[in-house]
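Based on these hints, arrange chains E and X on the given structure of chain C.
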Amino acid sequence: MALATGMRVPARALLRAWARLPGAALGRTEPAACGGGGVRRFGNQRVLVEPDPAAGIAVMKFKNPPVNSLSLEFLTEFVISLEKLENDKTFRGVILTSDSPGVFSAGLDLREMCGRNPAHYAEYWKAVQEMWLRLYMSNLVLIAAINGASPAGGCLMSLTCDYRVLADNPRYAIGLNETLLGIVAPFWFKDTLVNTIGHRAAERALQLGLLFPPAEALQVGIVDKVVPEDQVQSTVLSVMAKWMAIPDHARQLTKNMMRKPTVDRLVKQRDDDIKNFVSFVSRDSIQKSLQIYLEKLKQKKG
Amino acid sequence: MALATGMRVPARALLRAWARLPGAALGRTEPAACGGGGVRRFGNQRVLVEPDPAAGIAVMKFKNPPVNSLSLEFLTEFVISLEKLENDKTFRGVILTSDSPGVFSAGLDLREMCGRNPAHYAEYWKAVQEMWLRLYMSNLVLIAAINGASPAGGCLMSLTCDYRVLADNPRYAIGLNETLLGIVAPFWFKDTLVNTIGHRAAERALQLGLLFPPAEALQVGIVDKVVPEDQVQSTVLSVMAKWMAIPDHARQLTKNMMRKPTVDRLVKQRDDDIKNFVSFVSRDSIQKSLQIYLEKLKQKKG
Amino acid sequence: MALATGMRVPARALLRAWARLPGAALGRTEPAACGGGGVRRFGNQRVLVEPDPAAGIAVMKFKNPPVNSLSLEFLTEFVISLEKLENDKTFRGVILTSDSPGVFSAGLDLREMCGRNPAHYAEYWKAVQEMWLRLYMSNLVLIAAINGASPAGGCLMSLTCDYRVLADNPRYAIGLNETLLGIVAPFWFKDTLVNTIGHRAAERALQLGLLFPPAEALQVGIVDKVVPEDQVQSTVLSVMAKWMAIPDHARQLTKNMMRKPTVDRLVKQRDDDIKNFVSFVSRDSIQKSLQIYLEKLKQKKG
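Residue numbers (my numbering), protein chains in the order written: chain C, 1 to 302; chain E, 1 to 302; chain X, 1 to 302.
A few of these clues could be false.
Same chains, same label: a pair holds when it works inside one copy or across any pair of copies.
Unchecked claim - Simulated pairs of lysine-lysine, DSSO-like, Cα-Cα distance not exceeding 27 Å:
#1 89 to 288
#2 275 to 63
#3 242 to 296
#4 288 to 300
#5 300 to 63
#6 275 to 126
#7 300 to 242
#8 260 to 89
Rather than coming from a laboratory, the hints here were simulated on the basis of the structure. Note that the coordinates shown come from a computational prediction; the quantities given were computed from them, not determined experimentally.
This is chain C alone, in the form it adopts within the complex (with noise of 0.2 Å):
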């Protein structure tokens, strides 16, 4: 049992800064701005950081059209803003969400593994890592609204966060579907679908590489709450505004309590997975499968 120091921040205090957010937080239109605490909208090409900081909060959209898939620059630019406002301290709580509804992130960039030298696909694994490592231990309340479709990576990120809100739309399904294209999910995302879902759960959406409609997904608990797709905004200030009302060392301490053995795990073999990623992907079988993969998406945008 540990007091914390943030035991002195009444709760009452953070509630009435709560109160001067503006409902539109999630859409404002400010120009862009780049800088770590003005007020205004900063970030860069592809993670745009709308700040509050009266509210304490940020969203963070992702806007890497068409797909928001998850390339070595965009991974590159989220994470840095993400320690940005980690080390912010104006910032307590943070909401990841699509900058293009309809499509919350298609997941791992292929085109970063196909055709490259052993040393770019050791540097993409490795952002890869590190954007798991970030947001699956941040310090921040992280809030995941899912405004569209979360497959594999995509998926991945909503998992980190702490809560989980999707819009009710048939099309936006969520899962780890690698199976389904011949790849495996590596262990450390089975990992954090384990802790999510449970072990059988995870054992059979991991094997069939099951995407979850929304109303399956709340079912089996890969996402927390489905809301219609024009609440999910204002049920994710409210869900922030719970979890915000709890003194910040002591949520921090008990969700490091939870999630430091499963990132452990990583840490203790990082060096190990980026070698057997870079081994595996470099063979000449997987690269002739997305050739042929990368291909058909070409023709299917032609």
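Then chains E and X, alone, in the frame of chain C:
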């Protein structure tokens, strides 16, 4: 696979003994008497033990007004009483309940953690550990008749039981609400909760310090049954009958197999856990926080 | 993440093969024939194997009257048949079911544990371990068509499958009921159950030796689907089709990732587990208990 000698105790005989148990066992008013195996109530000031040797069960009633907080004296008496029952072959099942309906137990006694010396803090924390170790590994069938609120340490006591029946009263909330006070639940509180409601539900409940009212408590699985307040007693007796029908030795070995890994985690680092507690609670900032909190409690009463 | 070569097996081709599977596959009556990959039924006295090479699946029917108990001979034949299917690339999925509806399997054969010498007990226990190890780590899609009661070892066989369909008959209860007989389930039985229904439900089910009738079995998650008895076959075939649509290699690696830590726990201490069993079952008290129990069973039949 292990054939237990308990096999030779025919369940039918147990049920016959059971039939002799008066329905009013939980509310008997015989004069208290000290001693291990007497038919009459024994115990002390803070823990009333109502034995029913014919039935093989005893009721342990918390009586530490006003809120059954887990003071050092209460914990010492509780562990002694439990050990007596554990060592007396007459008793195979024990019911934990409160002598003052309305509060099951308010949990740890903050007065034991404030304004004392390090030796006292160490002694107190060891007693809290001891209570958990004895309860969680008890060879007895333990059933919680939760007839009042059971936050924090009160919830922990319930969680160590084999079955939890909660009275259907909206004021009887149950949960590990440590973060609400800026406190972090120890890892073995956390482990006990994860074992009961799973990783995800525990992560959310612990971070938010959730106190579940009866319907939610049942849904999340932190209790096994919710019944009207006047049916708690009869329900607990009928549940106990089912558990007592199982050969003791086989049941005990099974319980041990399920719980030992969790218990071993504390046993391995018990001294470190005490040191951590003492060092933490001795901090000036924590002492101040506790003083302020206790002052407020006094004013409320005044 | 691992791209599997299975990616190159188009799911559509599998479904075409599937379409050739006769609906009556589970009840075919061709004459038995020994041999690995023939179109006709092969097998032996106690385990009937009905292969459907065109569909890539086989049905293994337990035929060890009167209750499909897991005798040493049954286990040996079962493991050999399973290994044959495992090594024959023709087969990707296997359905486990009983040739005599009413009993799926009554579990371990107590006659193997009574009145024999230590060498026999050791051989028997090794065969039980082998059955579990092979089933739980099988590369095949395994689906249980549970058309009868499946207590103890029968339940364990179901639990090793990837999916469980139970016939909706109140007499077809399923569970690890060892404690009812004064017996303790081995730790790897326990691990398999915990993986399936979670820690708390397993703790309660194992201590009480619960046998779940269909509706409760579904609710606790010990089976995945309950259907009317005459729909078990069609349901299992349609479930199998879904699992066969997943690229094999990716699915197998995923299954392995989920189950290997559990399997490794037994593999690491397999000899100790055998020694424990032999020493335990050799005790006079246990031998007496078993003799009395077997006598009673004989009288029942007489």
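So, going through the hints one by one against the coordinates:
With identical chains, the CA atoms of residue 89 and residue 288 are at most 27 Å apart between copies only, with a shortest distance of 24 Å across copies and 48 Å within one. Taking the shortest Cα distances, residue 275 and residue 63 never come within 27 Å of each other, neither inside one copy (30 Å) nor across copies (49 Å). Taking identical chains as interchangeable, the C-alpha atoms of residue 242 and residue 296 lie at most 27 Å apart only when they sit on different chains, with a minimum of 24 Å there against 45 Å within one chain. Taking the shortest alpha-carbon separations for residue 288 and residue 300, only the intra-copy value of 19 Å comes in at or below 27 Å, while the best inter-copy value is 66 Å.
For a Cα distance limit of 27 Å, the shortest separation of residue 300 from residue 63 inside one copy, 21 Å, qualifies, whereas the shortest one across copies, 53 Å, does not. Proximity of residue 275 to residue 126 under the C-alpha cut-off of 27 Å is restricted to the intra-copy arrangement: shortest distance 10 Å within a copy versus 38 Å between copies. Taking identical chains as interchangeable, the C-alpha atoms of residue 300 and residue 242 lie at most 27 Å apart only when they sit on different chains, with a minimum of 26 Å there against 44 Å within one chain. For a Cα distance limit of 27 Å, the shortest separation of residue 260 from residue 89 inside one copy, 22 Å, qualifies, whereas the shortest one across copies, 42 Å, does not.
This entry does not satisfy hint 2, going by the numbered hints stated previously; all others are met.
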